Amino acid sequence: MIDYFVHISILFSIYAILSLSLNLVVGYAGLVSVAQAAFYGIGAYTTAILTATLGFNFFISVIVGILVAAILGFLAGLVFSKFRGDYYVLATLAFNVIIHSIFINWYDLTHGPLGIPGVLKPNLFGLSFSPNLLFFILSLLFLVAVYGVSRFIAQSSFGRALKAIREDESALKVFGYKTSVFKLSVFVASASLAAVAGSLFASYLTFVDPSTFLLTESIFILSIIILGGLGNLKGSLLGAFILVLLPELLRFVGLPDGIAAQIRQALYGLILIVLMLYRPQGLMGEYKL
Amino acid sequence: MNIVPQLIINSLIAGSIYSLVALGFNLIYGATRFFNLAHGIMAASGGYVVFFGVKTLGWNLYISIILSVFVVGCIGYLLDRFIYKPLRRKKSSNMVMLVASLGVFSTIQALLAILFSTQFHSLRAISPEQTFNLFGGIITQTQIIIILVSLISTISLHLFLSRTRFGKAVKAVSDDEEVSRIVGINTDRIIGATFFIGSSIAALAGILVGLDTGIEPTIGMSLLLKGVVAAIIGGIGNIFGGTLGAFLLGFVENFSVWKISSDWKEAITFTLLVSFLIFRPQGLMNKRK
Amino acid sequence: MIILETKNLRKHFDGVYAVDDLSIRIEKGEITSIIGPNGSGKTTLINALSGMLDIDGGLVVIEESEKLSKIKPHRVASFGLTRTFQNIRLFEQMTALDNILVVVTDRRVFKAVFETHQILHLKKAEEVLTRVGLWEKRDQLAVNLSYGQRKLLEIARALAMDAKIYLLDEPFAGLSPEMVKVISGIIRELKTQSKTVVLIEHDMGLIRELSDYVFVMDSGKLLAEGQPEEVLQKREVIEAYLGD
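Protein chains in written order, with my numbering: chain A, 33 to 321; chain B, -1 to 287; chain C, 22 to 265.
Chain A extracted, bound-state conformation (with noise of 0.2 angstroms):
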């Protein structure tokens, strides 16, 4: 019983962090992104990869795999700055499918569908953090940060500014600002940490493969900020502890594993409808889309 309810605040963490990278660039900056699972799956990749392949470090892996998230977000941000609204969506819709392929195509980097088991668990100056409950402490440990710095990020002038471009873009540039820039760097910021998400999923299963980066997951993700409350930090912990456990108080009700996973995804899809709806600002929101 212990060890469920360390699973679940393990997968609580991870999308923790993945909600609260997303609200940076959507609840804050005011730009609807699914991209988001794409530097998930890049994070996890590259976690992936240097460790089960490589060898390296988890700790290691994870620097990289910020870095590298880092440098894909820049570019893609780059060409996305570009775009307004709806067609925004658009261009994170194809940055989600063409890393997807990429995850699923380039064989000799990634093993294709096949995956890459042997994902090493964190391992600190020999304490090894293979035991659920060490591994979840880490987990937390790495929430912490994210909100951290999530929170430093929301509340200094950055985040107003941020604020200020989600409600009148072409209104601030006439006070000086370069808003794009800023854009861009919210974007990159959020690769960054959905990045560490990654990491810790690849570690945890200690395996991946490309079908967890699909644009589902994005639009998921998407959903948790929405529920939880654009621009609301701890809307974004509220969201991801509901749609989190509510899937597994699921199986308590008895429904078969296999379709668990089409459960989930058929609530949460009826969520962001009800949302729309009913409560655009989701449970703690400051902001309607």
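Hint data in this document are derived by calculation from the structure and do not stem from the laboratory. There may be inaccurate statements among the hints.
Quick look at which bits of chain A chain C covers, simulated, 3 or more residues with Cβ under 8 angstroms [said to hold, decoys possible]:
1) 188 to 195
2) 209 to 223
Heads up, incomplete: computed chain B residues facing chain A, CB under 7 angstroms, no partners named [to be verified]:
3) F33
4) N92
5) V94
6) A98
7) L100
8) G101
9) S104
10) T105
11) A108
12) L109
13) A111
14) I112
15) D261
16) E264
17) F268
18) L271
On a predicted model such as this, the values are computed, not experimentally measured, just so you know. Note that CB positions come from ideal geometry on N, CA and C, so glycine has one too.
With chain A held as given, fit chains B and C onto it using these hints.
Chains B and C in isolation, oriented as in the chain A frame:
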């Protein structure tokens, strides 16, 4: 064997399918001005209803097809009636409707997976099966039907929109919903009709793909993506633009596979999309705003 | 010194010239009004000057040295220009205080993340918000303020920029007499600080009272210019308004 004629045939087949998807997508976008990302799942549903009718209920193929087109059209209409119309009433932004459509996509895709499992189902066994040799390339009877259906649909839709009073009302709503309402057009009914027609045409695309190769729940997304790319590069909202874009996409995909492995088809599709978004966002047939 | 000048400025929309071959000169330290019937191109002019619309022809000259045929919006502030909006463009889901702070804080990403001058910025915000009488409302969301308060907030935001040239687009529209007094007081103060104010306005009384110079636009062209008293009595000016 000379590969070029086969590539041309393949391009025409692909282009025909994509143009059917783009047709409905453009029709709906024209009337509502939002990207209905649930459009692709209407196509998938079409294929599944036929599959259900023939394999499970034992009905005649042609009756199942007609029924499927009608049923999926109704589903599209109901989605508008209960989700998008209320959102329009609340003057929700395009982004809200787009996010709602993501929710619809997730939910319906999950439902299809639950009802029909995630396995690949082929309708090939029940489809007409004769092959012809055309200038050195092979084409099946089903595939000829695909091209014909696409052609007929495009021309019929064009005639319908330009010659009938109803069609002209649709155009009026596309140009300016506010003004149309003022002059007495029941815009909600018109928009509901475009959802019905658009979804029916999408169902046709899904059915034809199912007959040609097969269906699984994820084809909804890939058809959607192709349709969106076709619509945008052709000129969003423009019926002939969608057709042009679809065939351009079909040709680029198939001819590039000649030189690059077919695994990268999706990456190529999306690079094409992003290129257009950067260099010619209004598409081939629209003027720059 | 001619602080702002347009030379044969043109801006068209689908073939219709909203600003047609406009050449005006704004004297530094003066309050210049731009008037004209609705649709004469006044707001389009301001939008073009603030980089929100592309210029289709002609030049904008700033401080007699910077000659521009293309104005990038984010550079406008560096030229010492700032503006208010006729249809109010505040950052709605942010507080009044944040609306001011965002135009006061550092524009560079790194400095914005690692902000070190919070107290200074807060002081500036307090200064301008107090000047328009909105300091008590600083924690209210902009969208929840009354119409008049929103107009005042727009002015405060412009004031916070410490600009050289203030382009005010119908700042008095729909305001109560008390608020009109506050704003005309602010405009006069700006003049005593050697700032330049360009005012788009419809109220003839206010124009007479405040302006040093007036330009009259009609259908995108310059119809007349001069001292307020003489311009407002010109027959073609009166006809342009009556014919509207």
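Hints, one by one, checked against the model:
Taking a C-beta to C-beta cut-off of 8 angstroms, the segment 188 to 195 of chain A contributes 6 residues in contact with chain C, enough for the three needed, and the coverage statement holds. Taking a C-beta to C-beta cut-off of 8 angstroms, the segment 209 to 223 of chain A contributes 6 residues in contact with chain C, enough for the three needed, and the coverage statement holds. At about 5 angstroms, the closest approach between the beta carbon of B:F33 and any beta carbon in chain A falls short of 7 angstroms, and the interface hint on this residue holds. Evaluation of the B:N92 hint against chain A yields a held restraint, the C-beta minimum of about 5 angstroms falling below 7 angstroms.
Checking B:V94 against chain A by beta carbon gives a least distance of about 5 angstroms; that is within 7 angstroms, so the hint holds. With a cut of 7 angstroms, the hint placing B:A98 at the interface with chain A holds, because the nearest CB-to-CB distance is about 4 angstroms. Hint on B:L100 holds. Least Cβ distance to chain A is approximately 5 angstroms, under the 7 angstroms limit. With a least beta-carbon distance of about 3 angstroms to chain A, the hint placing B:G101 at the interface is held under the 7 angstroms criterion.
Of the supplied interface hints, the one on B:S104 holds, with its beta-carbon coming within about 3 angstroms of a beta-carbon of chain A, less than 7 angstroms. Residue-level restraint check for B:T105 holds (minimum Cβ-Cβ distance to chain A is 3 angstroms; threshold 7 angstroms). A distance limit of 7 angstroms between C-beta atoms decides the matter here; for B:A108 the minimum to chain A is near 4 angstroms, and the interface restraint holds. Contact between B:L109 and chain A, as hinted, is supported at the beta carbon level, the nearest pair being about 6 angstroms apart and thus within 7 angstroms.
Here the hint on B:A111 is kept, as its CB sits about 5 angstroms from the closest CB of chain A, short of 7 angstroms. Here the hint on B:I112 is kept, as its CB sits about 5 angstroms from the closest CB of chain A, short of 7 angstroms. Taking 7 angstroms as the C-beta cut-off, the interface hint given for B:D261 holds, the closest approach to chain A being about 4 angstroms. Annotation: B:E264 was flagged as interfacial toward chain A, and the flag holds, the nearest CB pair being 5 angstroms apart, inside 7 angstroms.
Contact between B:F268 and chain A, as hinted, is supported at the beta carbon level, the nearest pair being about 4 angstroms apart and thus within 7 angstroms. Using the Cβ-Cβ criterion of 7 angstroms, the hint placing B:L271 at the interface with chain A is satisfied: the shortest such distance is roughly 5 angstroms.
Consistency with the previously given hints is maintained throughout, with no hint failing.
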